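There are 2 protein chains.
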Amino acid sequence: MYRDKTLGVIAGAGPFAGNNLIQKILEQTEAFVDQDHLTIIGWFQPNTILDRTEFLLGNWQDNPGYAIAAQALALEKAGAEVIAIPCNTAHAPPIFNVIQSELNHAGAGALFLNMIEETAAFIREQFPDINILGVLSTTGAYRTRLYPYFLENSGIEVVSLGEDIQNTLIHTAIYDPDYGIKAIGKAHPRARQQLLEGIKHLVSQGAEAIIMGCSEIPLAFPESEVEGIPLIDPTLALARALIHHASPDKLKPWLASGKQPDTPPPS
Amino acid sequence: MYRDKTLGVIAGAGPFAGNNLIQKILEQTEAFVDQDHLTIIGWFQPNTILDRTEFLLGNWQDNPGYAIAAQALALEKAGAEVIAIPCNTAHAPPIFNVIQSELNHAGAGALFLNMIEETAAFIREQFPDINILGVLSTTGAYRTRLYPYFLENSGIEVVSLGEDIQNTLIHTAIYDPDYGIKAIGKAHPRARQQLLEGIKHLVSQGAEAIIMGCSEIPLAFPESEVEGIPLIDPTLALARALIHHASPDKLKPWLASGKQPDTPPPS
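Heads up: the sequence lines are chains V and G, in that order.
So the mapping is simple: our numbering equals the position in the first sequence, first residue as 1, plus 7.
So the mapping is simple: our numbering equals the position in the second sequence, first residue as 1, plus 7.
Everything labelled a hint here was simulated from the structure, so no lab data went into it.
Since the model is a prediction, treat every value here as computed from it, not as a measurement.
It is possible that some hints are incorrect.
In this list, chains with the same sequence are indistinguishable; a pair is considered to hold if it fits within one copy or across any two.
[Claimed, not checked] DSBU-like, lysine-lysine: derived pairs with alpha carbons at most 35 Å apart: (1) Lys12 to Lys259; (2) Lys207 to Lys12; (3) Lys207 to Lys84; (4) Lys84 to Lys12.
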């Protein structure tokens with residue numbers, strides 16, 4: 008007998024982004040009453056997952072992939088059958104390869120989705136006419152050329168920021184302890200302004216759409232486009248992929264959901 | 008050695024409200040980096056928890072308290088030490104007594120907080136000068152006089168709506184399959200308007216503050232007051248109680264958090 012699969016979300020990297028993925032799973036599910044929604048286990052355990060960017064930059068030695076794999080196994084033990092982590096940077100090969108080898112070694116049976124592959128598939132499907140994409144990301148994903156790597160055989164050219172802009176505008180918008188998105192969980196005007204400057208630089212390099220390639224960035228930009236340039240949200244792509252794997256009939260049609268107004272403020 | 012306790016959230020009743028509780032736990036936690044946040048397991052399994060109001064109205068025989076207790080035990084098995092369910096109506100004694108007796112019978116060791124008791128404590132602490140409170144709730148909580156019961160020894164008078172207004176304005180704002188908060192997860196203008204009418208009725212009966220006594224209602228009213236009348240959010244009270252039990256040093260001061268602007272739209 009067919010039944011819906013149980014979803015598992017490794018939600019602590021970072022926690023506001025984890026909450027945002029669960030929110031998007033709920034929003035993208037066809038449901039009229041509580042009981043229509045899928046079973047999701049949200050595992051928020053940030054203290055054991057060291058910062059992904061610090062590891063990729065060589066500042067810390069401990070690979071966060073081990074803790075992520077351990078949490079995936081805890082999720083599987085609790086019943087999860089399709090698992091993902093809404094952290095783009097955790098998909099850089101030096102980390103993601105460790106996650107995969109640890110899960111293989113442990114004989115994990117759950118399916119572990121790859122957020123970047125799902126985003127690349129989403130782009131090919133929903134934005135087939137785009138030739139040049141701009142990427143906003145952490146410095147860890149930037150240095151490891153995460154999106155260029157996954158999009159290199161797609162025929163899409165990926166443009167990135169210069170390293171000075173990456174460090175002064177984008178890294179701080181995500182990580183600053185006073186106004187960064189990780190610290191306050193939403194859009195401080197300064198973080199938003201800095202990311203907007205980054206977007207403008209990418210557009211000036213020819214970008215026709217922007218990948219918000221760090222899962223904190225959609226918390227500052229919930230809208231689906233800015234000044235006519237589409238904003239591509241990997242968290243939304245991952246939410247839809249998770250629903251598709253758990254219960255394809257419950258996935259909202261993309262056109263309908265794409266036409267929904269962007270989280271309007273209360274009137 | 009002292010360590011933070013792991014929180015468990017029974018998040019499927021309803022799921023948007025469950026995710027809102029987790030969001031409020033994150034917002035009320037003193038944290039500057041991902042790793043500062045508490046460990047939270049969010050258990051979204053709505054399909055086994057039948058509607059609380061339908062049971063309380065006698066329309067369905069199965070008491071949802073059994074499924075809620077089973078999910079609490081699953082959370083404890085996964086590591087949760089302090090557990091709560093952000094559903095006011097599930098705290099009506101016919102349901103909550105079953106949860107408690109099931110957990111006692113199973114020898115559960117985790118602490119299960121009572122959302123309504125925590126809200127009553129929050130009101131005594133933060134709103135000591137209020138004499139008359141108005142309550143918005145589901146019809147299940149309304150019929151079982153949930154808030155009047157928990158506040159009866161507090162010296163606070165509780166005013167409620169007439170049954171016609173309860174049925175036509177409040178129940179539909181929560182449950183309508185087209186515009187109700189449970190169906191769309193946020194504030195449809197019609198749901199918000201109906202709840203606002205309910206608030207005005209309560210104010211005309213002398214209410215000095217309003218308890219948003221169904222966990223979907225704060226999704227439509229994120230602001231802390233409306234037309235000068237404080238809106239008391241039991242989900243926020245529960246979030247703060249959970250942090251207090253898990254790691255008191257990480258609870259943000261109330262005055263500071265109370266002064267934060269109400270979830271502003273992106274500028």
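The hints, checked one at a time:
1. For the homomeric pair Lys12 and Lys259, the shortest alpha-carbon distance inside one copy (17 Å) is at most 35 Å, but the shortest distance between copies (37 Å) is not.
2. With identical chains, the CA atoms of Lys207 and Lys12 are never at most 35 Å apart, being 41 Å at best within one copy and 44 Å at best between copies.
3. For the homomeric pair Lys207 and Lys84, neither the shortest alpha-carbon distance inside one copy (45 Å) nor that between copies (49 Å) is at most 35 Å.
4. With identical chains, the CA atoms of Lys84 and Lys12 are at most 35 Å apart both within one copy (14 Å) and between copies (20 Å).
The structure fails to meet hints 2 and 3 from the earlier list, while all remaining hints are met.
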